[in-house]
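Please model the entire structure based on the sequences and the hints provided.
This is what each chain is made of:
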Amino acid sequence: ILNVEQSPQSLHVQEGDSTNFTCSFPSSNFYALHWYRWETAKSPEALFVMTLNGDEKKKGRISATLNTKEGYSYLYIKGSQPEDSATYLCAFIHNDYKLSFGAGTTVTVRA
Amino acid sequence: EAQVTQNPRYLITVTGKKLTVTCSQNMNHEYMSWYRQDPGLGLRQIYYSMNVEVTDKGDVPEGYKVSRKEKRNFPLILESPSPNQTSLYFCASSLYNRGHTDTQYFGPGTRLTVL
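First to last, the sequence lines map onto chains E and A.
Just so we're aligned: 115 in this note's numbering is position 87 of the first sequence, and the numbers increase by one with no gaps anywhere.
Just so we're aligned: 447 in this note's numbering is position 94 of the second sequence, and the numbers increase by one with no gaps anywhere.
If you are wondering where the hints come from, they were derived from the structure by calculation, not from laboratory data.
Treat each hint with caution, since some may be false.
[Said to hold, decoys possible] The list that follows gives simulated cross-link-like pairs (lysine to aspartate or glutamate, DMTMM-like), each with its CA atoms no further than 20 Å apart:
1. K86/E - D455/A
2. K97/E - E415/A
3. K422/A - D391/A
4. K126/E - E432/A
5. K370/A - E432/A
6. K126/E - D409/A
Being a predicted model, the structure only gives us computed values, none of them experimental.
What follows is the structure, encoded as structure tokens:
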């Protein structure tokens with residue numbers, strides 16, 4: 029099992045504030061990194077696929093960066109809204125196509 | 354509508370009684386996968402399939418079987434369920450069988466309780 033860690037495990041954000049959290053993964057044999065958003069009682073939904081060192085992806089108020097050399101990715105939420113409350117999962121894909129998910133960061137946005 | 358479906362959504366069973374959780378996708382995806390999700394742990398991959406008749410073990414395959422006789426279906430079989438298989442199960446699919454540069458589409462989940 030590949031060691032993929034997400035921190036913090038949970039965080040609370042005031043509506044309108046921005047926040048970010050981390051996905052750490054092995055820096056060797058990197059192939060790709062996925063970010064998913066998982067709302068309670070729903071299925072995980074894809075946010076980003078990142079493959080190149082230095083990649084930056086954006087979707088609305090959510091963006092992500094990737095550093096494959098040091099083995100981390102940041103997810104940013106700008107101007108958090110209550111609908112951003114969810115668990116955010118990252119999945120690391122090894123270059124032999126093995127896949128491992130982190131345990132997730134649960135974001136709660138307080139109105 | 355493009356989707357991944359799973360059945361049943363909820364199941365309570367007893368130890369040792371064989372069960373099958375079905376998974377079907379209508380997107381002509383090559384890659385399909387089963388995960389289990391337990392509190393405090395990430396999604397852990399049970400089995401995956403890169404194409405018809407091709408299946409491989411994930412990180413936690415013990416106690417599970419799968420088959421991929423058709424492209425659209427990927428059932429998960431528990432021959433003799435045990436209480437430690439109580440979990441939330443997700444099926445997922447993606448377009449290509451290699452590369453993982455395609456994101457996965459997840460089914461709605463199956464909550465299984467083994468007494």
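Output the numbers, in ascending order, of every earlier hint that fails for this structure.
Numbers 2, 3 and 4 - these are the hints that the structure violates, sorted from lowest upward.
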